[in-house]
Amino acid sequence: MDFKGKSIISIRDFDTEAFDRIIATARRIKKGEFAGCLMNKLLATLFFEPSTRTRLSFESAMRYLGGEVIGFSGTDYTSVKKGETLSDTIMTVSGYCDVIVIRHPVEGAARLASEISKVPVINAGDGANQHPTQTFLDLFTLSEFFPRLSDVRIGFLGDLKYGRTVHSLAYALSLFKAPMWFIAPDLLKMPAFLTDEIEENGSTTHETEDLEGVNETLDVLYVTRIQKERFGDMQEYERVAGCYRVTKKVVDILGKNIKIMHPLPRVDEIAREVDDLENALYFHQAHNGIPVRQAVLGLVLGAIR
Amino acid sequence: MKTYKVYAINDGTVIDHIPNAKALKVIDILGLENKGILTIGIGFSSRKMGRKDIIKIENKFLKKEETDKISLIAPNATINIIKNGKLTEKRKIELPAEYLNIIKCSNPNCITSKANVITRFKIVKTSPLILRCHHCERIISSGEIEIL
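So the protein sequences, as listed, match chains D and S.
Numbered according to our numbering, the first sequence terminates at residue 1665, and the numbering increases by one at each position without gaps.
Numbered according to our numbering, the second sequence terminates at residue 153, and the numbering increases by one at each position without gaps.
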């Protein structure tokens, strides 16, 4: 797949070859290759809703490779407040820069932007739908510890019904045919259509309500936040949230080689005491956002061929 | 002399076996309004369907990719192409690769629900029919399909 000029909108637009390409490029960047390759290139970050990690890591990634950044975060001081449509904003901004990164609260906004823009558009989150560079950095982090993604035995814990991160990563790993365990309360379990799709792609899947139901050794536990607002009954929320809390004791039970991942931000689903363990990968995972987003920017701008 | 409730056409397309009272929707989906002469029959007796609608479109030979657009509302329709008064082609409706501006996305937070954007749905599975919104990627099954 030639990335030059391509927009990065949905994980469904990619295959394993494309994932491998991004991983290999990020690995070379991490070793110090391609320094300054985005000199004289300009990124516009259009954040129609707030973000910490994604916006800052895209901006860092661009600057570390020698490029410049313009943009906004929140729409208070933009023409959006005057009623400008997304299409007009994109049409205008695409004449000001070489690449656009967009986060928007409405699902499908990034796809629409990519069909209007004259320059590549990178989706940094469109509502509950897609956030492809998060999946790329998850895959990259896994690849640093497991040479073959097809062999990674991964458990997903928490809110599997609404979590876009889980949906995208599970879909991507199913293209590698990795075996998966979905651990969630009935209310928050993986949507059936997605489980079917994952199995059709060649992964084996196992569903259970709690960690005790996982009878085999996992390599990775990917934890997500259980959101209070999903529950009508707060007692039910407290009970569920308590059952899905990863502590040192839980890590001990899962075995000394287990890797704990989390897309962040976390609330209290992983106890602070886990942070110091070698098993905790989540901050390392967040830091990998830089080389992975550098790889994506370099590839779509044609600076890395 | 045989009398016809709907006049025969010499050249054009006849869409037969449309479910009762769906003819106007078919015209809408195919964008045929104010585009030439149409004869519309609604509520004709049919052995197969009980009641059916029929549309005759003069001097227009609709292509397969056009008529497949009506598959959601008239899956059992038959298409007859008439040239010089003779039936030259008869075909059934098949599912198209994509539905363009025919289906409403059921996701209220989809960009197509918020802005003036043409909806696009791709077929994920045919039996049972499952579609995916091109924009928000929401899956909808046949029971949830709402025609625009």
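Hints may contain errors.
Stated by the list, open to error - No farther apart than 20 Å at their CA atoms in a straight line, the calculated lysine-lysine pairs in the PhoX-like style are these: (1) Lys1442/D - Lys91/S; (2) Lys1521/D - Lys1549/D; (3) Lys119/S - Lys1441/D.
Stated by the list, open to error - Just the calculated beta-carbon pair ranges, DEER-fashion: (4) Glu1596/D - Ser51/S: 27 to 33 Å; (5) Glu94/S - Phe1553/D: 56 to 62 Å; (6) Glu103/S - Asp1380/D: 44 to 50 Å; (7) Pro133/S - Gly1615/D: 50 to 56 Å.
Calculated directly from the structure, the hints in this document are not laboratory data.
Ideal Cβ placement from N, Cα and C applies to all residues, glycine included.
Consistency of the hints with the structure:
{"no.": "1", "hint": "Lys1442/D - Lys91/S", "result": "violated, 60 Å"}
{"no.": "2", "hint": "Lys1521/D - Lys1549/D", "result": "holds, 5 Å"}
{"no.": "3", "hint": "Lys119/S - Lys1441/D", "result": "holds, 16 Å"}
{"no.": "4", "hint": "Glu1596/D - Ser51/S: 27 to 33 Å", "result": "violated, 54 Å"}
{"no.": "5", "hint": "Glu94/S - Phe1553/D: 56 to 62 Å", "result": "violated, 38 Å"}
{"no.": "6", "hint": "Glu103/S - Asp1380/D: 44 to 50 Å", "result": "violated, 29 Å"}
{"no.": "7", "hint": "Pro133/S - Gly1615/D: 50 to 56 Å", "result": "violated, 42 Å"}
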